[in-house]
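Q: Given the coordinates of chain A, assemble chain B onto it according to the supplied hints.
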Amino acid sequence: MQRKILLAALIAAAPMPVLAQSGDAVARSLAATCAACHGTEGRGVPQAFAALAGRPKGDLVSILQAYKTGKIPATVMHQLSKGYTDEQIEMIAAYFAAKKN
Amino acid sequence: MTNAFKRRDFIKLLGAGAALGVAGCASTGATKARLVVVGGGFAGATAAKYVRMWDASIEVVMIERSDVFTSCPISNLVLSGFRTMEDIRHPYDGLRKYGVQVVNDEVTAIDAGKRVVKLERGGDVTYDRLIMAPGIDFMFEQMPNYQKAGNRVLHAWKAGAQTIELRKQLEAMKDGGVYVLSIPVAPYRCPPGPYERASQIAAYFKKAKPRSKVLVLDGNPDVTSKGPLFKKAWADLYAGVIEYRGNAKAIDVDPKGGVVKLEVEDVKGDVLNVIPPQRAGDIAMKGGLVNANNRWCAVDWRTCESTAAKNIHVLGDATLSAPLMPKSGQMANQQAKLCAAAVIALINGQQPNPMPLISNTCYSFVSEKEAIHVASVHTWNEKENTLTTVPGSGGVSAARSEQEGNFGHAWARAVWSDTLG
Chain A
12 MQRKILLAAL IAAAPMPVLA QSGDAVARSL AATCAACHGT EGRGVPQAFA ALAGRPKGDL
72 VSILQAYKTG KIPATVMHQL SKGYTDEQIE MIAAYFAAKK N
Chain B
1153 MTNAFKRRDF IKLLGAGAAL GVAGCASTGA TKARLVVVGG GFAGATAAKY VRMWDASIEV
1213 VMIERSDVFT SCPISNLVLS GFRTMEDIRH PYDGLRKYGV QVVNDEVTAI DAGKRVVKLE
1273 RGGDVTYDRL IMAPGIDFMF EQMPNYQKAG NRVLHAWKAG AQTIELRKQL EAMKDGGVYV
1333 LSIPVAPYRC PPGPYERASQ IAAYFKKAKP RSKVLVLDGN PDVTSKGPLF KKAWADLYAG
1393 VIEYRGNAKA IDVDPKGGVV KLEVEDVKGD VLNVIPPQRA GDIAMKGGLV NANNRWCAVD
1453 WRTCESTAAK NIHVLGDATL SAPLMPKSGQ MANQQAKLCA AAVIALINGQ QPNPMPLISN
1513 TCYSFVSEKE AIHVASVHTW NEKENTLTTV PGSGGVSAAR SEQEGNFGHA WARAVWSDTL
1573 G
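Protein chains in written order, with our numbering: chain A, 12 to 112; chain B, 1153 to 1573.
With the rest of the complex left out, here is chain A:
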């Protein structure tokens, strides 16, 4: 309800149409949930966790799916990866694969 009111207010106030956020922005936000450990934009942090930026999409999807299904052992990634849908994992992997590191 509040969103409807907000959108109505925006439409009334702004001459421009209200646009849906692009899929890129959604992928960017999903990928940002990894950044607290894997570094801003997946760039990695010295003496911390692995960089994700620039790694092939297929590799990232395989690893995340292996964590999600329990095929490879983990301390925390098996718990976190189960919170993401297969589609979300694809989006995150594509986002990082397209980043340079």
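One thing to keep in mind: the hints can contain errors.
A short, non-exhaustive set of chain A residues, derived as facing chain B with CB atoms under 10 Å [unchecked claim]: (1) A36; (2) R39; (3) L41; (4) T44; (5) C48; (6) H49; (7) G55; (8) P57; (9) A59; (10) K68; (11) G69; (12) V87; (13) H89; (14) Q90; (15) L91; (16) G94.
Pairs of lysine-lysine, DSS-like flavour, derived with a Cα cap of 25 Å [said to hold, decoys possible]: (17) B:K1361 x A:K93; (18) A:K111 x B:K1249; (19) B:K1521 x B:K1361.
Label-pair distances were calculated between CB atoms; the ranges are [claimed, not checked]: (20) B:A1551 x A:K82: 47 to 53 Å; (21) A:P67 x B:G1392: 52 to 58 Å; (22) A:K82 x B:E1417: 51 to 57 Å.
Hints were generated in silico from the structure; no laboratory data involved.
Being a predicted model, the structure only gives us computed values, none of them experimental.
No residue lacks a Cβ here, since even glycine has one placed at the ideal position from N, Cα and C.
A: Then chain B, alone, in the frame of chain A:
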């Protein structure tokens, strides 16, 4: 859809910046809108950085009363002596590289109608959108003598001067003394934090003052986070050192020190660490943003926009948490990115992401080297109209380990870096 930039505000802001040696005030020509962020903790600093990183056409002014960031995570290891204050203090310089204008000042008032934030020294700053990340303040009114006790009773629940003072008192305490830790009824900042602290101080005592005791007076019926893991660590490592009492809510202290008053008895100790009940920071109260139980700021979790005021977003420990969402540093960092994306969308006339998702991982050190964690993933739930945990996700450590301890330190380095640049 944005306010025109007002020249006089820019001059005032420049004045505030110049007086404090703040460099790099953004030029105004290409500015689409001005975002003001109040508070430079995990929530505020992350939001300021990410808005600039994702949309450099938005001017971002972050107002913070401290000139340095001091991390609550890892501060318990300063109390045990395994880390130092230098390890948990970090400069704000990284944010300036993203073009965030970091202003060292105190916010004294918010005028939501006029979209103005008033500063103690720097005058008025107008905003198009405002992010409030004020953290917590204490409900001292629930413990009438607390503030009269001065340094005889400490909370050390905001890392900084009290962390240093509590460490000093622990070092000065005689072997055979009793350290009392009083925990407020949930919700409070960092659910596992008090239990980590008990573990850390027990580790210090075991090494340096083996006849000393840690007495935990918990206002809650039982350990509120990672309970079985903490209790196993206490039984394995600190038998005879830590005594835990549930349902032991402190109601006051003796102003002369030395005594914590419970409902049914007085408890004596040599070092008193009483963590009072908490609510959203004072400036959120003053700004009329506290609308849940007279303690917290309710928000729409799709945008973190306040349900009490338009164009104002609230982040971090000050918010009315969604179900099973801890008041943690990483949660604040993640909320900040959700909010940053929403603020950018709103300023650009777009619809914010209707299905946001955020996750939390939080490590607690149970000894010098061993840690345990809890993890969770939260996503928008249309039916519940809030963020809820994704079924099947999340969990805790199988067991404490040095590997988790290494991850805990790596996590701290990573989240500090993601928050501060």
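Q: Now, for every hint given, state plainly whether the structure supports it.
A: Going through the hints against the structure:
no. : hint                        : in the structure
1   : A36                         : holds (6 Å)
2   : R39                         : holds (7 Å)
3   : L41                         : holds (6 Å)
4   : T44                         : holds (5 Å)
5   : C48                         : holds (5 Å)
6   : H49                         : holds (7 Å)
7   : G55                         : holds (9 Å)
8   : P57                         : holds (8 Å)
9   : A59                         : holds (4 Å)
10  : K68                         : violated (19 Å)
11  : G69                         : violated (23 Å)
12  : V87                         : holds (5 Å)
13  : H89                         : holds (8 Å)
14  : Q90                         : holds (4 Å)
15  : L91                         : holds (6 Å)
16  : G94                         : holds (2 Å)
17  : B:K1361 x A:K93             : violated (44 Å)
18  : A:K111 x B:K1249            : holds (20 Å)
19  : B:K1521 x B:K1361           : holds (19 Å)
20  : B:A1551 x A:K82: 47 to 53 Å : violated (21 Å)
21  : A:P67 x B:G1392: 52 to 58 Å : holds (54 Å)
22  : A:K82 x B:E1417: 51 to 57 Å : holds (55 Å)
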